[in-house]
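Asks: Throw the hints in and build the complete structure from the sequences for me.
These protein sequence lines map, in sequence, to chains A and B.
Residue numbering for the first sequence follows this note's numbering, starting at 1 and increasing by one per position.
Residue numbering for the second sequence follows this note's numbering, starting at 1001 and increasing by one per position.
Please note that a few of the clues may not be correct.
Calculated lysine-lysine pairs in the DSBU-like style (CA-CA distance at most 35 Å, straight line) [what the hints assert, rightly or not]: (1) A:LYS54 to B:LYS1101; (2) B:LYS1158 to A:LYS54; (3) B:LYS1131 to B:LYS1158; (4) A:LYS54 to B:LYS1111; (5) A:LYS72 to B:LYS1131; (6) B:LYS1055 to A:LYS60; (7) A:LYS60 to B:LYS1102; (8) A:LYS60 to B:LYS1101; (9) A:LYS72 to A:LYS222; (10) A:LYS92 to B:LYS1045; (11) B:LYS1102 to A:LYS92; (12) B:LYS1158 to A:LYS222; (13) A:LYS60 to B:LYS1131; (14) B:LYS1045 to B:LYS1055; (15) A:LYS72 to B:LYS1045.
No lab work stands behind these hints, which were simulated from the structure alone.
Keep in mind it's a predicted model, so treat the numbers as computed, not measured.
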Amino acid sequence: MDGTRRGFLKAALTAAGATTTPLYAQDQGRGSGQAVPSDPALRVKSLESLLVEKGLVDPKAVDALIDTYEHKIGPRNGARVVARAWVDSAYKQRLLANADAALAELGYGGLQGEHMVAVENTPAVHNLVVCTLCSCYPWPVLGLPPVWYKSAPYRSRSVIDPRGVLRELGLDLPASVAVHVWDSTAELRYMVIPERPAGTETLGEEQLADLVTRDSMIGVAKVSAPQVRGRL
Amino acid sequence: MNGVHDMGGMHGMGPIQLEKNEPVFHARWEARVFALNRLVGAWGKWNIDASRHVKELIPPAEYFRISYYEKFLVGMTELLVNSGLVTRAELESGKPARDSKKMNPPLTVDKVPLFVARGVPASRDVTVEAKFRVGQRVRARNLNPTGHTRLPRYARGKPGTIERDHGVFVFPDTNAHFLGENPQHLYSVRFAARDLWGDQAAPQDAVYVNLWDTHLEPA
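Replies: Structure below.
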């Protein structure tokens, strides 16, 4: 059985057009995304044409799904949710109590965010989201995860040394702040509501949304107030 | 299974490498794999838990050697063959078998928006009694199954507190092996960081893990 499995994996790795052992890019070394091996490209092309020819897949649906996550669904969605929570405390309470319903109010939900939980950063608590076992991530509000989120360094270290991880990413939290790490081990997806920065009292909801970054909603960064030109 | 995918708490993986202005996909083949994986899943021949498990079965050295979307490609390929949607001969030739009939894909382009908007909920509208209540002290069981489990190694045997009861959900540990959805209560369990990692952790820090009734026992 084990031999069969290994044999199969080997077959899967070499099937569909591959003739040599591919040069794989390592997960954690993929920072720049350069030097993408050509071999998987060939294997995927061959597999896709087989699936289309067999009628297993609609090629237009492939394009549509890609377009959805490249152009329609991304962290701008989550930023709008955070901005609304900042300006509307009743909305924030609904978001914290029942995230699915509150996100649906803004039209967000669905694939890989069927069941959502929002956690709030405060002066006393900082939240951080990870998936140690795979790559679970709240697609409807943040889009698809960045490479570092799926990488072994982040997955391994964020639960045992969250403060070290945050420091490495430029966020040095004082001892007075408790760090809560949320390991996404189920079909529940987490988003962090970052703290609203001081000096943003006059900004409207859309302007506030412009400040909210993807990383702040994963919990590896804070939201910064906008730089005011001509003033220190 | 005690595989390398279960890496919470491991050392030696190196620094976290952020990428400025990272694209959603780094190559077109990654985008194709991403979409194909979802579309072949729509045949309903397997479930998300099985698709996670098949990637866990990639041998450890290979798991680290190949990239994220290559793992998807390997996993999807194996599921396609195991389910009978594609034969190994077809994979190798890249052509449908001569006697194979052309099928009609279940998830066509017109259905994509609704598929994305609805997703695939894992909650189940059935009445199952919760074994634990919010605020209760519990212990994660010391389970070491050779199959799929969503109970990470670092939490096993550790005491925690039920923080929230999310209701009834599919149990991945059986579902991944097509042994039934076994719906049961899913919780957020709070583990004090010091209970997991000892004195090196800050006393006020905590890790929250989603665990099911089967994973827990009273403390």
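Asks: Identify every previously stated hint that the structure contradicts and give their numbers, smallest first.
Replies: When the structure is compared with the hints, numbers 2, 5, 10, 11, 13 turn out to be violated.
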